[in-house]
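Peer 1: If you want the building blocks of each chain, they are given just below.
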Amino acid sequence: MNNVKFSLIAIVVAAAVLAFAHWFKVDYLFFASYTILQFIVLATAWNILGGYCGYVNFGSAAFFAIGAYTSVFLHKAFPLPVPLLIVVSAITAGIAGFGMGYLTLRLRGSFFAIATLALAVVLQTLVVNWDFVGGSRGAYIIRPENLEIGSFQIPYIEYLFALMLGLTVLALVTARAIEHSQLGYGFATIRDDELAAEASGVPTLRLKLIATTLSGAFMGMAGAPFPYYIGYLQPQSAFGLEYAVNSIAMPMIGGTTSWVGPLVGAILLGSAQQYATVTISSAVNLLIVGLMLVAFVIIAPNGLIGLVQDWLRKRRAS
Amino acid sequence: MSPLLHVNTITKRFGGFLALDGVDLVVQPGERLGLIGPNGSGKSTLVNCVCGTLRNEVGSVNFNGEVIDKLTAHERTRRGLARSFQLPRPFHSMSLADNLRIPLLYTVRAREGMLHAHTDLEARCHQLLELVGLLKKANQLPRDLTQVEMRKLELARAMAAEPKLLIADESMAGLSHSEIDDILALLFRLNETGITVILIEHIMSAVMKFSQRLAVLVSGKKVADGKPEDVVRDPEVVRAYLGQ
Amino acid sequence: MDISFDLLINAIAAGLLLGGFYAAVTAGVSISFGMLDIVNIAHPAFVILGSYIAYFININYGVDPILVSILMLPVFYALGAAVYQVYYLSFEKRGQESLRGLAFFFGLLFVTEVTLILVFGVDYRYVEAAYIGPSIHLGLIDLPLRMLVPCAAAITLFACIELFITRTFTGRAIMAVSQDQLALQLMAADPIRIKRIAFGLSIAVAAVAGALLIIIQPVEPSVGREYIGRIFAICVLGGLGSMPGTLIAAVILGVVESITATFYGPSWAPAVSFGFLLLTLAFRPSGLLGR
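Chains as they are written, first to last, in the working numbering: chain A, 29 to 346; chain B, 11 to 254; chain C, 23 to 313.
Extracted from the complex, chain A is given alone in its bound form:
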């Protein structure tokens, strides 16, 4: 199935989801689903660098927060409609991804991973000390009740949900397109054996930079509407631990070799967490995510998708 066909199908599915949600009209579901969609984007973005290229990013929260704080900054300095905020965040987070990659990707993969972890801490320090965007006290963004364009009116949360749905489609289509393209092949060689890739003519540094830039940009885009969604943005929540661990756990549990893995992982883990946070506690729910990550990484390295593929292969062989 080529990319255009897939994009059309994805858009149709998204439109159906949107229509259903609009008809159903339960506010809590909008809020919960928004979070899951956000995680789909984050997980897919992480997987472009982590699953396809094999370079681990521990600082997803940093890029997510760059998107969120870009929105806050512009909201205070030069207000823009949310879709434009998303575009600007893509640029700022993408530049951050490129910059960090340029500094660290020429060294070993482990140095890159460490640098991403430290980046999150440093960025948080910068934000905490930056009063214009609220510093440690946080920033308020008053979310309008409704989106009004002429006579067309929908609740604002539904508007944000629709935007995030569009972003999700974009992320999935991009991931799938990469997977089936020459770029995807190149990424896979980097993951399999970077030395042999170079010897075969693959420009590994250039490809890795493309991956970090794309990955960072998508994470930033996921973060851009966040201040509007949450209304009050504190550094602790923007740089929250749950973003780092979920961006890794969801693709690794779902499966890292294809675009389906992060989607499956995000939906399953995201829904489970929404349920657990409400019924048990948010700390226990994070603990479960962490334990599942460790368990899956040891027992099922190729995630749920890998388990399914193995099972199918065994059935075919017998």
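No wet-lab data here; the hints were simulated from the structure.
One-sided and incomplete, this derived list gives chain A residues near chain C with beta-carbon spacing under 7 Å: (1) N157; (2) L315; (3) L319.
The beta-carbon is built from N, C-alpha and C at its ideal position, and this holds for glycine as well.
Based on these hints, arrange chains B and C on the given structure of chain A.
Peer 2: This is chains B and C only, laid out in the frame that chain A set:
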């Protein structure tokens, strides 16, 4: 005729260990050069420095009239320098065919206008697999291959880059006589099409059959370089390597 | 902003003491990352675990925290050995250390932090001991004992490790395994066992570092993550696998952080380590004394 490859006084250290000590080597276009030496003498290090996987501190490498010291490994491959790895390094998550598609896409197609159509690439891929006798296993993964087949895949991948110079690094270790002859025939055929070949080997019968010229590396230094019949009679070579 | 000499010299003194302590925290990673090439980013979690155990026993039984950590050495050693065994069987053996190994340690870091939150809550915890409170006054310089004692203990610990590595057979085997695993095998030493011992050692050291940490500052579960940047910045700046390099780099970082905190405010301190890390990676990745 100007040489295709000119290795100019290359020195390479690993911490305190001197792996290469001022090595000079010249390879003419179309030549068949054999490179021998005991384990640890620096043969693979030399290949790594020439191909850009490692950077030498001293000296320079000149390929096809161009100083390539500042080029990355993939840029050197695109200029026509290809190598197979001593321990095969296939892309383990991809089929054999895909393994060959990588250099076809990233090296051959990256050069001016070759291999435009999709069918060209597929045909070339099939041709290469057939050449090394792996066409039947085209869609299998490298982990399903025997050691011998992995070596052949390794060679095929280097060949897929359509090089001007191919460095075959110990592709024959552990193979049977007929398998060695197969690979040798392959390399001869490649050479006949104009590709310069450097054969790094321990198997002396193959080296003597193949090489027009023979160079010997011992402890990072080149101790002999000339006609094979002369080199194997050189007392220093006999003492350092052949006598063992 | 007046640079008062008084303030500056005290900042430097505090930085030196802090640096000594940082060296102890990093010592474990110098072994696991510098020598064994294992990116154990969960190391700070083990340190914090050590802090909390020291806290628990100190508050409930009145035992001195450093003493607690020494008693806990065998426990942490066993823990480290067990973790390495899992790491080896699941990842190193299969050659998948890079992606999955990192995710594994990250998972451990995360699970430890969240478990500590569940058990102890997010309040800051601190220990009580005779030397927390008083200071020594040397002219202009105030040396708080709560920093002096950990620094002294840290340097002692460091010296012990250095002696172990250079003087004992096992220690030298650890250095050997970091340089040439095959040669070690030919000498009839089992490299896996050596690596297990080394990793166990690195975690045991973390126990002591944890006790020192909670003497210096109150601790809460997320403190560990601040230390990741510091630890790896020190490791890289000092040169992987060089213990003297680690000490020098730790002291440099301690002094710079202290001066930054004194004159620009403590909220900027975490940025210092990352700045160091980036600069080192960009300009001298092999570190000051690296191999």
